[in-house]
Structures are given as C-alpha cells and as structure tokens.
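Colleague: Residue-level listing of the chains:
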Amino acid sequence: MDRAAEAEFSGFMHSRWLQLVRLGFALTGDSGLAEDLAQTALARAYASWPKIRRTGDPDAYVRRVLVNANRSRFRKHRVAEQLTGTVPEPVPQEATRDSDDRVTLMAALLSLPPRQRSVVVLRFWLDMTETQVAEALGCSVGNVKSQASRALATLRARMDLTEEMS
Amino acid sequence: MTGHGEQDLGQRVDRALATITSGPVPAAAIVAWGRAIRRRRRLAGAAAVAVVTAVAVALPGLLFTAGHPKPPAGPLTISKLGPVARSSVIGSGTAGGRPWTVRLAGGPDPVATAAGLPATARLGTRPAGSDPVTFHIAGSGTQRLLAGPVSPAVAYLTMRLAGGTTYRLWPVAWHGHRYVGLVVPWNLQVARFTAYARHGELAFAIPFPVAGGFPRVASWLRAGTPLPPVSSTPVAQGNPPGEGYRWEVDVQIGPWGTCLLANHGYLGLSCRPTLSYPPNTVTSAMHAGLGVHAGITGRAVASIQLRLRNGKTGRLKVVHVGGQGFFAFSVLSGQVASWTAYTAAGHAVNSGTGPPG
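These protein sequences, in sequence, are chains V and B.
Start counting at 1 in the first sequence, then tack on 1, and there's your number in our numbering.
Start counting at 1 in the second sequence, then tack on 4, and there's your number in our numbering.
Just to be clear, a hint being listed does not mean it is correct.
[Unchecked claim] Some chain V residues judged to face chain B by a derived CB distance under 10 Å, without partners named:
1) Met2
2) Phe10
3) Leu38
4) Leu106
5) Ser112
6) Leu127
7) Leu153
Just so you know, the hints here were simulated from the structure itself, not pulled from any lab data.
Idealized CB from N, CA, C, for every residue including glycine.
Pulled out of the complex, with its shape left as it was, chain V reads as follows (with noise of 0.2 Å):
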C-alpha cells in the first residue's frame, strides 16, 4: 500500500474507531468484545483497503464486517451470549432524567436476544433501511419487520415508551 493510501487508511481508522466501539457494544453489551470487533473490522478493512477505496463505501464495509464478526461468534462456537460487561450506570443520587434513560434504555436494549437487538441497532440507530438491515444480517425483510416489531414491543414493555412510540 502507497504511503498515500496508508495515510488515508490511518485518518479513517482514528475517526470511526469510537463509533465502530460503540457499535460493537450496542451489538454485545461487552466493552471488550466491542473494541475486539472495532479491531477486527478496521484490520480487515486494512487489508483490502485499496479495493474499498475504489468501490467507495469504506463505512458500509467496515459495519458489514464488524456485524458478520459479532454473527459468527455464535454461529463458529454455538456459545451462549456472554454479558459480561457493565453497563454504565453511575446512577448518582441527583441522577437527571436525562441519564435514568440512557441507562434504562441500554439495560433494556441489552435484554434482547441478540438477532432483535442487532436489528434495533442498524435499523434505528444507524438509520439502515430494511433491505440493507436483512442484507448485513443475512435474512429476509420479512424477518427483519418481524424482528424490529418484536424487539420493539419488547422495549415498550420494559420501558416507559408508549407515549413517545405510538
């Protein structure tokens, strides 16, 4: 690879590895698994980083690998979900609203089975349409509608969702 490309590839890394962590924890509740996917994605995306550059859509490749990568560790292992890690809840005594709803919303969407969960991620997080969503995870649109409307009663029922969700 050209000193030109290495640079390239080192400005893309530096500026979507929190966002690719993120992803990762979204997808595993486990901050560790999710900077090992964040590696494994940008390490892939390195090793074909020329031909990605041509084809033009480095964050699609990057976000298609690290959702295989997180898939295939159940598929390879057929290994139960490990939730190993904390959510972050430093649930002080003059806790805000504003951060009851993040930790109830994350302990929440960590209480889907992971199929759901991804499904949430992509489709409402990343703004993915159904096609894509069905695509990167392997299935039909039709399970992904079926998923999403799951996963999404599920969180009305654990959370107070219904006034902002219907």
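Let chain V serve as the given structure and place chain B on it in line with the hints.
Modeller: Relative to the frame of chain V, chain B by itself:
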C-alpha cells in the same frame, strides 16, 4: 409505531451510546493485523498455484505415500527465548501447527499483540498485589492471546494441562520489566499454573474452568497451601411473570477463588479471590444481562432491602458460604433507587443509592 417514534428511538439509542468511551485507537495493532491478513491471503493464493503444479508433477509419489499419513501437528509448542526481548518479541511457538509470535507495543505500559488476534488491554509493569503474574486475555475466535507482567521474584512459570502435559513459560525483559506471552487454543484445558523462584515453588493457581472459553485465573495460592474444598451453592433464581425466561445465580468456591455464575440464556461470570470481608460490607460483583445483579457481603449482613423508583420494595435473602454472603436479583438497573442491609436481628448496618454495592 410512527416514523417519529422510530426516529426518537434512534436518537435515544444515540444518546445512550454516547456514554460509551474507549481508550486510544490501537493503531499499530490494527495495521499489523491487517498486514498479516494480507500476507495470509497472498500465501494462500501462492499455495493454491503451487498445489496445482505439485499435484501434476508428483501424483505417483502421493499415491505411494497415501497409506502413511503424517502425524498430526501438536496442539501447542512454546519456544524458550532469551532473557531480554528482541524486536519486542516476548513469546513464540506454534498452536495447531501454525506459528505464533507475541510482541509488546505501546511504550512503558504496553499491550501485547499477535497476528490474527486483537491486542490485549494495557498490561502494566507489575502483577496485581502479590500475585506472581497477572494474565490478560484477548481474542474471541479459535485462539486466545495470553500475556502479562511477571513479578521480579519469579524465575519461570509452568502451565499444566488437564491431560498432564506441562509447558514452561520463561519471562522476557522488555523496557526494564518482565513479561510472558503466548497464544493458545481457545479451549485449552489448563489445570494449574505454578510460579517458581530460583530456589523452588512460590505459588500456584487453579483456574476456574469456563464452558466454551479459556479458564479464568482469579486467585494465586502460596506454595504448600492445602487445596480449599470445592462447593457449589445456589444464590437466587427467578422467573419473571410474562417475560418468558428464567435466571439463576450460583456461587462456586474452590481453589480458583470465588466465582459467581449467572445462567439464564445469557451467561455472566465473575471470579475473584476468596476473601474475608469486613462484617457489614456489601459489594457488587456482577452485572449480567437481563438486569441480573449479584454481589458479596460480609458475615453480618443477613438481608438487603431494595427500594425501586416506582415505590415498591423487596427483600433479598443473603446466602452465606464460608464467611462470605451472596445475593442476586433481577431488576433493570435504572429502577433501583436505594438499598439497606440488615443483620439477622433486623439492625440496619449499611445502605446506599442505586443497586447494592
């Protein structure tokens, strides 16, 4: 649900995730790993061409030797390196027949890296407390990277597998501190680590066996210490009405220390040394999925009352095993307003806001 609702959920997730922070970008490790992936791809391409050529040339020879397969590659070998790291290498060997090399990078508080694996967290320069070594583990695929700082008192370590095979780990000095580093198969069943000084055994650790993962090292025992007895005790369980899942928390105490295990479809594990806590202590030990919390108390605490934000209260029974108390409950963390710990006689001895501990 309206489009406005969807947008609002996205914004709320965005705000929630904004609290997630990270250390600096492990740029060197990412680039090194990316280069390794590229090298492997090139080698794989070259090997495919070579195989086609070789098969065309040597088919008679292959047929002749087909009845004499090569012995399988050993699962793990660890090379003995010199006492001082060269080119930042602190370990090398093979795992599953593939070579591995562990390097340190990142200045005086380094991370360990190995091709194809994520870097460890920062290792520090000394092990925790009086431990002979503190292992940091990285990796989520078929292999794990294991590395950590080693006490100056340690001459070498051994790692004994469940089948009896024993490996020797030699610390390597790097920037004035000593480290060990190795790459192992993810399911390697390590039965015992032992640390030796020049004159003999210093300490040993019996790791807690983890289903589907590398055993957890939480506690080191001084040489000659009798093995503590093993016990497994249910702490609490629940089946929230209408939620369609069941959770349970057990505590397993033994030579590995004290491990709290939550198994409810998700799995949470927290291991720590077995300690004698001050009598009124209440400390949080684990926050697993589905709002399951678990913690440890001193011997005086018999129950803990929770007050939720909706005004409801609940009392948790503390289960005592060998001088430690344990509790567990499942409530979404933001819902617990405060807690109070009581003795068996009903005296309040500790309290706080949020989840206990």
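Colleague: Next step is simple, just say for each hint if it's right about the structure.
Modeller: Verification of the supplied hints:
| no. | hint | in the structure |
| --- | --- | --- |
| 1 | Met2 | holds (8 Å) |
| 2 | Phe10 | holds (8 Å) |
| 3 | Leu38 | holds (8 Å) |
| 4 | Leu106 | holds (5 Å) |
| 5 | Ser112 | holds (5 Å) |
| 6 | Leu127 | holds (8 Å) |
| 7 | Leu153 | holds (6 Å) |
When the structure is compared with the earlier hints, no violation turns up for any of them.
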